[in-house]
Amino acid sequence: MATRLDKEATQDFAEVRRHFPKLLTIALESGNVLFEGDIDIFDQQGVYWNTYNIRITVPTQYPRGVPELHEVSQLIERVIDRHIDKDGWCCVGVSHELFIRAHRDFRIIDFLSEYAYPYLANQSYFMVEGHFAGFEYKHGFGGVIQFYQKLFKTQDFELISKFIDSFLHTRLPRYRDMCWCGSGRKYRKCHLLVINELKKISKTQLKSDLSNFQLIQTPQVPFFKQFRRGMTSIVAGS
Amino acid sequence: MEIYKSYLDNIRAALANEIQLSAPEVMFNEDRKRSLLEEQKQLLKKTKNAQPLPSLQDLSSDWGLRPALNQKLGLHPDFQHLKYENGVEYHYIHSMFIDIKGSTNLFKYYSPLVVAIVTNTIQIAAIHTCMVFGGYIQRLHGDGTLVYFGGKQQTRSDSVQRCLSAASLFTHFMKTDIKSFFESRGIKPIYTRIGIDYGNDDDVLWMLAGAGEASEVTTCSLHTSLAPKMQANAKGNGIVVGDNVVGLFPSEFYSPVAARLGEEHRYIFRNQAKNFNYTQYDFDWETYLVQNEHIATNHFNGTIHIKPRQVKVVQPTTGLASIAAVSNPYYGNQVG
Numbered sequence: 001m002a003t004r005l006d007k008e009a010t011q012d013f014a015e016v017r018r019h020f021p022k023l024l025t026i027a028l029e030s031g032n033v034l035f036e037g038d039i040d041i042f043d044q045q046g047v048y049w050n051t052y053n054i055r056i057t058v059p060t061q062y063p064r065g066v067p068e069l070h071e072v073s074q075l076i077e078r079v080i081d082r083h084i085d086k087d088g089w090c091c092v093g094v095s096h097e098l099f100i101r102a103h104r105d106f107r108i109i110d111f112l113s114e115y116a117y118p119y120l121a122n123q124s125y126f127m128v129e130g131h132f133a134g135f136e137y138k139h140g141f142g143g144v145i146q147f148y149q150k151l152f153k154t155q156d157f158e159l160i161s162k163f164i165d166s167f168l169h170t171r172l173p174r175y176r177d178m179c180w181c182g183s184g185r186k187y188r189k190c191h192l193l194v195i196n197e198l199k200k201i202s203k204t205q206l207k208s209d210l211s212n213f214q215l216i217q218t219p220q221v222p223f224f225k226q227f228r229r230g231m232t233s234i235v236a237g238s
Numbered sequence: 001m002e003i004y005k006s007y008l009d010n011i012r013a014a015l016a017n018e019i020q021l022s023a024p025e026v027m028f029n030e031d032r033k034r035s036l037l038e039e040q041k042q043l044l045k046k047t048k049n050a051q052p053l054p055s056l057q058d059l060s061s062d063w064g065l066r067p068a069l070n071q072k073l074g075l076h077p078d079f080q081h082l083k084y085e086n087g088v089e090y091h092y093i094h095s096m097f098i099d100i101k102g103s104t105n106l107f108k109y110y111s112p113l114v115v116a117i118v119t120n121t122i123q124i125a126a127i128h129t130c131m132v133f134g135g136y137i138q139r140l141h142g143d144g145t146l147v148y149f150g151g152k153q154q155t156r157s158d159s160v161q162r163c164l165s166a167a168s169l170f171t172h173f174m175k176t177d178i179k180s181f182f183e184s185r186g187i188k189p190i191y192t193r194i195g196i197d198y199g200n201d202d203d204v205l206w207m208l209a210g211a212g213e214a215s216e217v218t219t220c221s222l223h224t225s226l227a228p229k230m231q232a233n234a235k236g237n238g239i240v241v242g243d244n245v246v247g248l249f250p251s252e253f254y255s256p257v258a259a260r261l262g263e264e265h266r267y268i269f270r271n272q273a274k275n276f277n278y279t280q281y282d283f284d285w286e287t288y289l290v291q292n293e294h295i296a297t298n299h300f301n302g303t304i305h306i307k308p309r310q311v312k313v314v315q316p317t318t319g320l321a322s323i324a325a326v327s328n329p330y331y332g333n334q335v336g
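From first to last, the protein sequence lines stand for chains G and Z. For the first sequence, full-length UniProt numbering assigns the number 1 to the initial residue and increments by one for each residue that follows. For the second sequence, full-length UniProt numbering assigns the number 1 to the initial residue and increments by one for each residue that follows.
It is worth saying that the hints were derived from the structure and are not from the lab. Where hints are given, some of them may not hold.
Claimed, not checked - Now the in silico label distances, taken between C-beta atoms and shown as ranges:
#1 156(G) <-> 2(Z): 50 to 60 Å
#2 105(G) <-> 16(Z): 45 to 55 Å
#3 26(G) <-> 326(Z): 26 to 36 Å
#4 302(Z) <-> 28(G): 21 to 31 Å
#5 113(G) <-> 55(Z): 26 to 36 Å
#6 216(Z) <-> 78(G): 57 to 67 Å
#7 2(Z) <-> 53(G): 22 to 32 Å
#8 199(G) <-> 247(Z): 40 to 50 Å
#9 46(G) <-> 274(Z): 48 to 58 Å
#10 205(Z) <-> 60(G): 53 to 63 Å
Small disclaimer: the values here were computed from a predicted structure and weren't measured. No residue lacks a Cβ here, since even glycine has one placed at the ideal position from N, Cα and C.
Please build the complete structure, drawing on both the sequences and the hints.
Right, here's the structure in full:
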C-alpha cells in the first residue's frame, strides 16, 4: 500500500492524537491521509459544550497545502449562513488567507488549533446565541473583497486593484518611491509587506480577483454598481 | 474528576480535622478535642453510606447503565438460589480484584481514625463505581475488594466493557485527584492495583462455600484466582488483565506484562503437562478511557470529563466566545 507517511508527518499525526484522542488517522490506498473521529469542544473555563464528528483531509503535499474540514455529525445546520455546504464541508476562512498561511508548513495540529477548533467552537456559540462570536466574512466575492481590504488596510478598490495589477505585471513602485496609498511613507516601509503576502497567492487566483475588481469599478454594469454600493459599508477586520 | 468530588471532600475534611487536633490550643482543651474526634467518627460513618453518591448515580444515567445498587456482600443475585439448594452451576463471570496500596505509610502522619477514613473512602469509591457499572461486590479482604461483573441477564461483551470502564474510571480518580491531593501535602500517595480476568461458562463453577451463616455463594475458578495474582503484577495505578479478557475484547490497549517486567513474567499461570500458558497483559486504561464515547477530553489541558447527556443551555458563553471569535468563517466556492 502506497502511503506518504514520512517520519515528520507521523510525528505530527501522533501529536494530533495526543490532543484529540478520538481522531484516528486513516491512510488511504491512494496515498491520501484522512483524520476521522470526534472533537470535544471545551471553553476556556473548562466547560464542556459538545462533540462534533469530523473528517479532515490532509493535502497530498503535506505539510504544505490547506487541509479541509468536514462536519459529519450534522450538528450544524446545512445552510450557507452557517458557513457550511450541504455535504458538511466547512468554510473555515477565506481561501486566500489559508493559502498565505499554508505557504510555509501548515501542520495539521496548527490547522486544528487555529482554524478547525475555533470554527467548531464558533458553531457551538451560534447554537446558543443565534449569531457568531466574531467577524464573519461575506459569502462569495464579497468576502474576498473584505480579505483584501483587511490585507491592504484600505477600503479603496481602485488602489487594491492597482497594486494587484502592478504586481501581476511587475510594475510595482521602486523601494524608495513614495507609496501609492498616500501614507507619506516610502513603499518599502509601507505596502511592500502586503505585496510580499500576495506572492503566496496563486497568480490565477489574483488574475480572477483583479477582473472581478475591475467589473465592480465599471459603472455600466448595474449589478456590480449595486454590489459596490453595498461594499462601501464594510469595515474590514473590525 | 467532578463525579468523585464528594469522596475527595471527605478525605480533605478528615485531614483538616487532624491538623486542628494537633494544634497547641486544642491539645489541652479536652472539650474541643472531644468534639473534633466526634467529627472524625461522623466522617467515618459517612463513608459507610451504602448508596453511591448522587454524582456517581448521575453517571449511571448519563451512560445509560443499569446499576446494581441493592446487593448483599457475597451474594450475586443470579446465583443466590445456590445458598439454599447446596447445588452447583457453571456460568461465565468477570472477576476483578482491587487492592489499595500505600496506606501503611499514612500511619506516619495520621491517627488510625484518619487512616481508616482515607482507606475506607477510597474503598467505598471503588465499590460504588463498580456498583454503578453493574458489578457485584463479592468479598472484602482488608484493603482488597473482589468484584464480579456479568450475570444471566448480561452479555459477555457488555459486561467486559462495564468491568474495564469501572476499573479505568476509578483508577483515573486515583491517579489524578488522590495522587495530586497527597503530593500537594508532601505525602507519598496512596494508589491502587487492579487485576481482571474472565472465566468462560465451562471454567467457572458457582457454589456455596462454607456452611450455615459462615458461608457465601462464590466461584471456584482458575480465572477468579488469577485476578488477585495479576493485581500483584500491576504497576501503581495500573490494571493487568488475562488472556481471556484480550480474547473477548480485542483492541490495541494491551501489551504483555513481560515487556515491562521481563520475560519471566509473561505468563501468570502455566500447566506444562497440558501445554497451557496463560499470558497477562497491561491494560492501557488511559487510552481506553479517552476513546470512550462517554468521555470528553479537554485538548487544552488533557483533563477528561464525563459527557452529560444534555448540555445545560443556561451555561454562560463568555468562555466560549474568546475561542470562537478567533474564527472568521466564510462561504465561497473555493478551498477554505
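Hint by hint, here is what the structure shows:
Here the CB-CB span from residue 156(G) to residue 2(Z) is close to 55 Å, well matched to the stated 50 to 60 Å. At roughly 52 Å, the beta carbons of residue 105(G) and residue 16(Z) sit within the given window of 45 to 55 Å. Between residue 26(G) and residue 326(Z) the beta carbons are some 28 Å apart, a value that agrees with the proposed interval 26 to 36 Å. Judged by the Cβ atoms, the range 21 to 31 Å given for residue 302(Z) and residue 28(G) holds: they are separated by roughly 29 Å.
For the hinted restraint 26 to 36 Å between residue 113(G) and residue 55(Z), the CB-CB distance of approximately 32 Å keeps it satisfied. Look at residue 216(Z) against residue 78(G): about 59 Å separates their beta carbons, and that is inside 57 to 67 Å. At about 25 Å, the beta-carbon gap between residue 2(Z) and residue 53(G) stays in the expected band of 22 to 32 Å. Take residue 199(G) and residue 247(Z): their Cβ atoms lie about 59 Å apart, and the range 40 to 50 Å is violated.
Checking the proposed 48 to 58 Å range against residue 46(G) and residue 274(Z) shows it holds: the Cβ atoms sit about 54 Å from each other. Evaluation of the 53 to 63 Å hint for residue 205(Z) and residue 60(G) yields a pass: the beta carbon distance comes to about 60 Å.
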